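There are 2 protein chains.
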Amino acid sequence: MNFGMIKNLCGQVIRFEAIFMGLSLIVSFIYGEYESTVVFSATIAVMLVLSFILTYKKPLKRSFYAKEGLITVSLSWVIISLFGAMPFFLSGSIPSFIDSLFESISGFTTTGASILSDVEMLDKSILFWRSFTHWIGGMGVLMFVMAILPLSGADPLHLMRAESPGPTTEKLVPKARKTAIILYKIYIGISLLEILLLLIGGMPLYDSIVHTFGTAGTGGFSVKNASIGAYHSVYIEVVITVFMVLFGINFSAFFLLLAKKFKSFLSHEELRVYLSIVLISMIVIAVNITGTVYQRFDESIRYSSFQVASIMTTTGYATANFDQWPTLSKFLLLMLMFIGASAGSTGGGIKVSRFIIMFKAIKRQALRILHPSAVKLIKLDNIPVHEDVIRGTGVFMVVFFGITAVSTLLISFDAFDMKTTASAVVACINNIGPGLGMVSPIGNYSSFSIFSKIILFVDMLIGRLEVYPILLLLSPAIWHKRKF
Amino acid sequence: MNFGMIKNLCGQVIRFEAIFMGLSLIVSFIYGEYESTVVFSATIAVMLVLSFILTYKKPLKRSFYAKEGLITVSLSWVIISLFGAMPFFLSGSIPSFIDSLFESISGFTTTGASILSDVEMLDKSILFWRSFTHWIGGMGVLMFVMAILPLSGADPLHLMRAESPGPTTEKLVPKARKTAIILYKIYIGISLLEILLLLIGGMPLYDSIVHTFGTAGTGGFSVKNASIGAYHSVYIEVVITVFMVLFGINFSAFFLLLAKKFKSFLSHEELRVYLSIVLISMIVIAVNITGTVYQRFDESIRYSSFQVASIMTTTGYATANFDQWPTLSKFLLLMLMFIGASAGSTGGGIKVSRFIIMFKAIKRQALRILHPSAVKLIKLDNIPVHEDVIRGTGVFMVVFFGITAVSTLLISFDAFDMKTTASAVVACINNIGPGLGMVSPIGNYSSFSIFSKIILFVDMLIGRLEVYPILLLLSPAIWHKRKF
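Protein chains in written order, with our numbering: chain A, 1 to 484; chain B, 485 to 968.
The hints are simulated quantities; they were obtained by calculation from the structure and are not laboratory data. Errors might be hidden in some of the hints.
[Stated by the list, open to error] Mimicking DSS-like on lysine-lysine, the simulated pairs with C-alpha atoms at most 27 Å apart in a straight line are:
#, chain 1, residue 1, chain 2, residue 2
1, B, K747, B, K844
2, B, K551, A, K379
3, B, K863, B, K745
4, A, K360, B, K844
5, B, K860, A, K376
6, B, K747, B, K863
7, A, K376, B, K844
8, A, K124, A, K224
9, A, K175, A, K185
10, B, K551, A, K360
11, B, K551, A, K376
12, B, K847, A, K360
13, B, K551, A, K363
14, A, K67, B, K847
15, B, K844, A, K67
16, A, K363, A, K379
17, A, K67, A, K175
18, A, K178, A, K263
19, A, K178, A, K260
20, A, K67, B, K863
21, B, K860, A, K67
22, B, K659, B, K863
23, A, K360, B, K860
24, B, K844, A, K363
25, A, K7, A, K61
26, B, K491, B, K541
27, A, K363, A, K376
[Said to hold, decoys possible] Chain B is faced by these chain A residues, among others (derived, beta-carbon under 7 Å):
#, residue
28, K67
29, L328
30, A366
31, I369
32, G394
33, V395
34, M397
35, V398
36, L409
37, S412
38, Y468
The structure presented is a predicted model; accordingly, all values stated were derived computationally and were not measured. Note that beta-carbon positions come from the ideal geometry of N, C-alpha and C, so glycine has one too.
Bound conformation, chain A alone (with noise of 0.2 Å):
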């Protein structure tokens, strides 16, 4: 194991995240808040120093593999974490430190589960940070890294791979820098054009920046106790429902636009089951609550595609609280959470891809019982997919789900009902954030004991970073010397 390139890259994030946090320090002096001021100013003065530590000696064996990129991504979440805690637990705003952790992995992975019942009571440069912690971890630290850094030597697939969602992972151009820089310009400039339509319909400016820093990174934390429900604005309702979908498509598929491939970009696979789902949903549900929770349809359908875009893309913004909606609108909602978003975007759950090719691949396997003769390929865009990918995915599905079960048996030791104890599991590790019960909407994760807030901040990170990183950081057997 390289552990000198770790140390090194570890460092790097660490600087990244220290000039990050260099922008919460100046919404402070905007607003005044001198207390936060010095919390900012001291947590930046230690990742600073500490990050010069790691990076002072350069490493010695540039040879960088898979492993050492799993690891590197892994560690490198939990240390962002754990510096990205230290504003939220230092100025007192969260006077637990395990709470504080909780609520700074669920920013970084743009989850958005919060043990904050009042939000608005919090200093405006606490809750900049808050909401600054989805756009970093939306796109990713590493993938940060990556585009600013030449990382000579190491092989930065490794990285990109670890950090971005979905079965497989396509450069756009043939370099891996490259492709960082241009999914980080998309980023920024979809970015800016959900805070400029946010500012036309009336939005305040720090308003419409952290919301849009939450839509960005599909995490949801607001800073208001309402969430985007506190406007009553039916523009800013629409704009965000935009933007929530558009940030839960592939950027790959915005790569296509920018490159004018507009025939491509039609026929993208993933793009359109993605957006056939939300479609379906958003009416199926709307008819469901039409005449039981509300009674003209127009409404249905503004409250209905709201929420199905806010849990599809794993974002969890709300405008209404669907723990009070039927039964059959509870169960689709769930479903779509482990669904997820599309691939290559900032969201989670299983993602849409995933389940293309498992759908392809239960096609072909009740064939091959007819005909234990025939092969056929499997197909995304046209291009076969591997049979590796394939067997992968079933594996994947199945240690998802299977990490979900054993988080809910953990979890239910607190003894709550089984629907907030489920829907709790669900919520964080297909990083939506609210669930249902106790953490619906109106709800908050405070109740849950010390252990269950570990196992789900466990879940959130396996949910981001697509479970094997976080399995391997938490495996003894690669911190052996032995070679596997």
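Since the structure of chain A is provided, determine the placement of chain B on it from the hints.
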């Protein structure tokens, strides 16, 4: 498609069902239930005539492939269920035909989900038939036909594979017919032993026989409203617990015992994992319910052992209403429902061996990410598992969870609570019977709409025949003349 052969086999199946029903006819004589005597006689007469018509003309072609095997199995299960429902419907015991069919399918698939609220008011011969369907369905009707008739020309392995559960189907001896005979001998032998032990415990002969049917088939229909709890006997509970566990074991393990291969028996991987899960679950639940539901640990272990054995083997007998137990116990039982019994047993669920294969595949996948070039065979009982079986197992699990999810959505139209809705589907597709909420051990399935009942009995068939035969029967493509 060889329709002649399929027709002939369906005719044989109907004939054997008529012979089986003859036993209920005798029971109706013994108890002087003349109305039922008439009903059974009439149904048997119709079945014999139909069987004669279907088997009169010998099929011209003897060629018989996987496609025909799957269709024969699924068709014959639908047919036996239809005729099996007749006694309930014609005797007026169950006034609605859909309800009668639900009860019959629930019987043959060894689910044990009932729409009856008071079974004790029904004729003894009707209840005898109801429980007997468990025993018939447990080992499989076609398996019985195979054991009795020499199917020259037709390859009986196609039938065996489609009807007997598990990721792979092995023949115990080179000839499939002999395998079927051995399996039935083991089945009858253990059943007789259970009847004997129940009689010793003071259970009446009739009760001993019907409850043995329910145990052997891992069905769960009882002739008492309070199920096995009605006897208030620790001895009877222990006997039934032990036999439920026995019937959840892979029958090829018993064959190893018969062949005096004790060492192979003790090292049988699925058996060891199966028994470990049963034991650990019994203890965990006993600890969880001590102090909350029961005061003393010996009471807790008494009720937890019975319920765990009943759920894990997918039987569904009850001595306690586990819906009243703490969240942890309820979730653990729900997970045991999915795990299910061993492959090659009469039990349902996904089967322990599939979980063993997937667990090994997950481990290998994690290692493969580290070392993409490493090739490692997955072994079960020291025999390499074919890559097709591994991929098939992943696909099977995903499609199984998928059908569970879609069925839950469809049942949700009834707008019952989430617990009832989800657990009804889980309890039906895994062939358990009782679930939570309205379908708890003290409830029943009568309140569901006709639409929901149809979904649920399709789920039961999908669970019993392990997805593909029923999926193919429902797919329009198979009935087209074109070749696959």
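Now the hints, each set against the structure:
1. B:K747 to B:K844: holds, 23 Å
2. B:K551 to A:K379: OK: B:K551 and A:K379 at ~25 Å, within 27 Å.
3. B:K863 to B:K745: Satisfied, since the Cα-Cα distance of roughly 20 Å is no more than 27 Å.
4. A:K360 to B:K844: holds, 24 Å
5. B:K860 to A:K376: At roughly 24 Å apart (the allowed maximum being 27 Å), A:K376 and B:K860 satisfy the hint.
6. B:K747 to B:K863: Distance ~18 Å between B:K747 and B:K863 Cα, so the pair holds.
7. A:K376 to B:K844: It holds: about 26 Å lies between the C-alpha atoms, which stays within 27 Å.
8. A:K124 to A:K224: holds, 11 Å
9. A:K175 to A:K185: holds, 15 Å
10. B:K551 to A:K360: Judged against 27 Å, a Cα distance of about 20 Å means the pair holds.
11. B:K551 to A:K376: holds, 18 Å
12. B:K847 to A:K360: Given that 27 Å is the threshold and the Cα spacing comes to 24 Å, the pair holds.
13. B:K551 to A:K363: holds, 15 Å
14. A:K67 to B:K847: holds, 15 Å
15. B:K844 to A:K67: holds, 20 Å
16. A:K363 to A:K379: Holds, at about 12 Å.
17. A:K67 to A:K175: holds, 21 Å
18. A:K178 to A:K263: Distance of about 24 Å is within 27 Å: holds.
19. A:K178 to A:K260: OK: A:K178 and A:K260 at ~18 Å, within 27 Å.
20. A:K67 to B:K863: holds, 25 Å
21. B:K860 to A:K67: holds, 18 Å
22. B:K659 to B:K863: Within the cut-off at roughly 25 Å; holds.
23. A:K360 to B:K860: Distance of about 26 Å is within 27 Å: holds.
24. B:K844 to A:K363: Measuring from Cα to Cα gives roughly 24 Å; hence the hint holds.
25. A:K7 to A:K61: holds, 12 Å
26. B:K491 to B:K541: Holds. B:K491 to B:K541 sits at ~10 Å (cutoff 27 Å).
27. A:K363 to A:K376: holds, 11 Å
28. K67: This hint holds: A:K67 lies near chain B, its Cβ roughly 5 Å from the closest one there, short of 7 Å.
29. L328: Nearest chain B Cβ about 4 Å off; hint holds.
30. A366: With a minimum Cβ separation of about 6 Å from chain B (threshold 7 Å), the hint on A:A366 holds.
31. I369: Result: holds, 5 Å to nearest chain B Cβ.
32. G394: holds, 3 Å
33. V395: holds, 5 Å
34. M397: Holds. Min distance 5 Å.
35. V398: holds, 5 Å
36. L409: With a closest approach of 6 Å, the A:L409 hint holds.
37. S412: holds, 4 Å
38. Y468: holds, 5 Å
Against the hints set out earlier in the document, no violation occurs for any number.
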